[in-house]
Amino acid sequence: MSDHSHQDIAKHVKIYITVFVALLVGTIITVALNYLHFDSMALTIAIALFVATIKAALVACYFMHLISERKMIYLIMAFTVFFFIGLMFLTLGAHYDYPPNTTTL
Amino acid sequence: MEIPYTAQPRKDTGLYNAKVGIWLFLASEVMLFGGLFSAYILLRVGATPGTWVHGLLNIPIGTFNTAVLITSSVTVVLSWAALKVGNFGRYRFYQAITILCALGFLGIKSFEYREKFSHYEVWLNQPVTVTRGGQEVQTDRLLGHIEYQGHHPAFWSTKTLAEKQVESFKFTPDPIHYKMTPKEMAHARKTAAGRKAEEFEFKAADVKRLSAFVPGHSTYFALYFTLTALHALHVLGGAVVIFYIWGPGAKMWKTDPERYTNRVEVSGLFWHFVDLVWIFLFPVLYLL
Amino acid sequence: MQATSPKQSHAGHAEAHHEEPGFWSKYIFSTDHKIIGIQYGLTALTFLLFGFCLMLMMRWQIAHPGQPVPLVGPLLAKVLGGVAAGGVMSADLYNSFGAMHGTIMVFLAVVPLAFGAFGNYVVPLMIGAPDMAFPRVNMASYQAYVVGGIIMFVSFFIPGGAAQAGWTSYSPLATSIPTDGQTFWLVGMIFLITSSLLGAVNFIATIIQLRAPGMTWMRLPFFVWAQFVTGFLLLLAFPPLEAAGLMQLMDKVAGTSFFLPTGLAVGGQLADVSGGGSPLLWQHLFWFLGHPEVYVLILPAMGIVCEVISNNTRKQIWGYKSLVYSSLAIGFLSFIVWAHHMYLTGMGTKISTFFQTTTMIISIPSVIILTCFFISLWGGSIRFNTPMLFALAFLPMFGIGGLTGLPLGFSASDLHLHDTYYVIAHFHYVVAPGTIFALFAGIYYWFPKMTGRLMSEYWGRVHFWGSLIFMNVVFQPMFAQGMAGMIRRMADGGANYSLARVPDAIGGLSDTIMSLHTLILWGGIGLGLVQIPFIINVFWSIKHGRKVTSDNPWDATTLEWQTPTPPPHGNFAAEPTVHRGPYDYSLPGKAKDFTPQNEPDQGGKH
Ligand code: HEM
Ligand SMILES: [Cu+2]
Chain X
1 MSDHSHQDIA KHVKIYITVF VALLVGTIIT VALNYLHFDS MALTIAIALF VATIKAALVA
61 CYFMHLISER KMIYLIMAFT VFFFIGLMFL TLGAHYDYPP NTTTL
Chain U
1 MEIPYTAQPR KDTGLYNAKV GIWLFLASEV MLFGGLFSAY ILLRVGATPG TWVHGLLNIP
61 IGTFNTAVLI TSSVTVVLSW AALKVGNFGR YRFYQAITIL CALGFLGIKS FEYREKFSHY
121 EVWLNQPVTV TRGGQEVQTD RLLGHIEYQG HHPAFWSTKT LAEKQVESFK FTPDPIHYKM
181 TPKEMAHARK TAAGRKAEEF EFKAADVKRL SAFVPGHSTY FALYFTLTAL HALHVLGGAV
241 VIFYIWGPGA KMWKTDPERY TNRVEVSGLF WHFVDLVWIF LFPVLYLL
Chain Y
1 MQATSPKQSH AGHAEAHHEE PGFWSKYIFS TDHKIIGIQY GLTALTFLLF GFCLMLMMRW
61 QIAHPGQPVP LVGPLLAKVL GGVAAGGVMS ADLYNSFGAM HGTIMVFLAV VPLAFGAFGN
121 YVVPLMIGAP DMAFPRVNMA SYQAYVVGGI IMFVSFFIPG GAAQAGWTSY SPLATSIPTD
181 GQTFWLVGMI FLITSSLLGA VNFIATIIQL RAPGMTWMRL PFFVWAQFVT GFLLLLAFPP
241 LEAAGLMQLM DKVAGTSFFL PTGLAVGGQL ADVSGGGSPL LWQHLFWFLG HPEVYVLILP
301 AMGIVCEVIS NNTRKQIWGY KSLVYSSLAI GFLSFIVWAH HMYLTGMGTK ISTFFQTTTM
361 IISIPSVIIL TCFFISLWGG SIRFNTPMLF ALAFLPMFGI GGLTGLPLGF SASDLHLHDT
421 YYVIAHFHYV VAPGTIFALF AGIYYWFPKM TGRLMSEYWG RVHFWGSLIF MNVVFQPMFA
481 QGMAGMIRRM ADGGANYSLA RVPDAIGGLS DTIMSLHTLI LWGGIGLGLV QIPFIINVFW
541 SIKHGRKVTS DNPWDATTLE WQTPTPPPHG NFAAEPTVHR GPYDYSLPGK AKDFTPQNEP
601 DQGGKH
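Residue numbers (the numbering used here), protein chains in the order written: chain X, 1 to 105; chain U, 1 to 288; chain Y, 1 to 606.
Simulated from the structure, these hints should not be mistaken for lab results.
These figures come from a predicted structure and were not determined experimentally.
Careful, some of the hints might be misleading.
[What the hints assert, rightly or not] Some, not all, of what chain Y presents toward chain U, calculated at C-beta under 7 Å: (1) E242; (2) L281; (3) P566; (4) G570.
Backbone N, C-alpha and C define an ideal beta-carbon position, used for all residues, glycine too.
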């Protein structure tokens, strides 16, 4: 995109560095929390995935410039994410909906 | 007629061709890893209690590797920013770091792999007594290392014992087993630290099943190796492309700088995606 | 592939810069979408014939269990050895042929023909583009397809033969068969999937980016829309199967247990695997592709039918917008109906209700599309040429296929029909007299553009009427067999069951039901015979067909007819500008009954 001026880029670079630091901090948080050993596995999973999602969002939005991308890209990715979720949760739903004693299949 | 929009964006979409292409490709990659993550979830929630392997990977190394990959991601985007302002030298510098990081990541990963291949679980016909977390427990399943004729062999399985006509081998058990909760494992590791490990001499006839930490060990390791190997292939592929653009392909910077910058951006998008996958793989495989 | 903005690229000049490339780079390693389209077409037609021959041998065998196959029997025995001892197909060989018939027809014949061949040749021309957006990716896509095809073909000749577990390759069966056929199948599939993904990226990017000036979304011919949606289906549905294929490959070669449950016994013995896997996981991932795949088969066919019908009724297609939105709706919904193939896995009622509901909803847009086509016929002065005959026959044939899908969509009735010949009849009605008829229509319709000559009308008609009759002779009896309870994939065609039956029990495999095998066999032989005029017609017409007198022999409106014949490298002499929708036929006040998309309005409104 040629609509970037030099100042723009300088500003971008600052953002990139900030995001980089945030990613490192996120990693440290996830690992540190892991050494705390919560009693609830669900909580552990929830926190770890929450932090990972934030990190992923940072990468996608800033490194991959999704935050200022064109409509067409948004459209494509929106459908993809929707089907991704469909695949994951419908299979999981089906798994939990099997009558008792058949779930080991 | 020539193909338009290879360098300049098309007016109504605001995009050049390769940008559309790479995002479409990434969409399919999302679904590829989506299929694998679905498998992970389904196999994990369907696992019989006590059979899911956890806590056996080297977290410090994994954390370090995560940092390596994050670093490479930021250098990719910085190198692109450098090109945007026409600074080819700075671009070359940052992208060299990227490539080094990629190689570092792969090197560390293969070291981790090798460590796993000579680490074992043994299922015994008769339970034995071991110390775990300061207590004596009876168990018929041990994790640990094998010593046979002075070597620490890799890739052994139940079949190997018969093939090599092994009569007996030395086994040094770990103080933990994945049947324990993370808390119990941490406690057991702490109490065992500094103490000399027990040693066993197992006869081949005592062994019901023997498996190194290879894909066939369990669904967890099957997933671990499949996911990380596929990811590593992506790292390798990405590094090759970035290197090509950085080295032999750099002539284009002279002839068509705009298109060259696009190439750097597109390869960068792929690279960030690979990083993004790892951001999920790391907690899912190492921590949970 | 230099970077040029559209303004600079100027007509005519382009030609002068190109020196004549040699044979290899022109025909084998070409990056020209038209050559690649033709390569795809010829390869796919070859596989279509091959897949058909496999099935013909199987049909003969189940009509005559235990007897040697005539003509080819000795050849089978010689080439394949023990599995065809004495020229009789063993059950193993029957299973191989069945699995490979399905695989070849779906992944190596119909999809490459519908998407790879027609999509490649026609889409860039229709949208006024010089080529695909990524010509070299396009070539790579074709090459991956060929490699996949070769791997599949070679697998017939390895010890133990080709894959035997059906085109659906359900685990643990697929993994526990001790031969290597399945490994070849999986590696082949990975190439084919890669090919489709590369193709899909290319098609979608081309349609988004390379539409000529004025070619707005709502001026795209419906065929392009159909390919666009198809591209998305391939792009997003195939990767989970690729993931599943990788996992099954790991199960097969690395001893993992992704799809192998705890306590799995093979041949009466506990298998030496870790267990803990899930056979249902394979089914989910397979059908997540499998269902969208059936729309990959049908959407391009609908696109072709739409073009042919509009052209030969000399009318605007009725309900263009409904067609577009319906195809988008189909594309969207086809991702959330997959588990209707899994009702009989003991699925719970909540999830089953969800999938029954979505399955019923998805039939609505299909019906809308069909209805639009039917209404389009109303009041047209129809030209009954060969392409039109095939397109017309598509309508009722697809109708039968679609309607018979409804009972399968309800789990209550599917309980009885699942895995019987009824299902076989259902999907063959949509794919064979449905999609393949549409593909024939496309071949007859676009042949003059590709070669500059017309195919013979007389032999076209012979081909059409023969195919129509014999298709129905083959597939109609299967509904009866299925409802009588005949299960699919039985190497003896149910002979064992029919012997064991209680003489006057209702619904057993009676003699009448069993004798239908013979009828189907002769239907199949007839179907094969009437393809001979078609094959000869294609090759004969390339050299000796009647020459077209204009670039637009059908008086069509869409852009592919507004180029030289056959179109040169780069397609258009000058970039076309589009002024109107795709189907402006019989506009009042015009001298001709068709107005090409690139014809400017002659001052003011009309
Ligand atoms: C229009 C509405 C349709 C409905 C409601 C429908 C429904 C179904 C259902 C429920 C099944 C599973 C039957 C079973 O295994 O018991 C099935 C099988 C199948 N359908 Fe359809 N279908 C429709 C259209 C199509 C179309 C358009 C195609 C292809 C072009 C198609 C191709 C197939 C194939 C290939 C199978 C069999 C897969 C196998 O088990 O090998 N269907 N259909
Ligand atoms: Cu379906």
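- Message: Flag every earlier hint the structure violates by its number, smallest first.
- Response: Going through the list in order, the structure violates hint 3 alone and respects the others.
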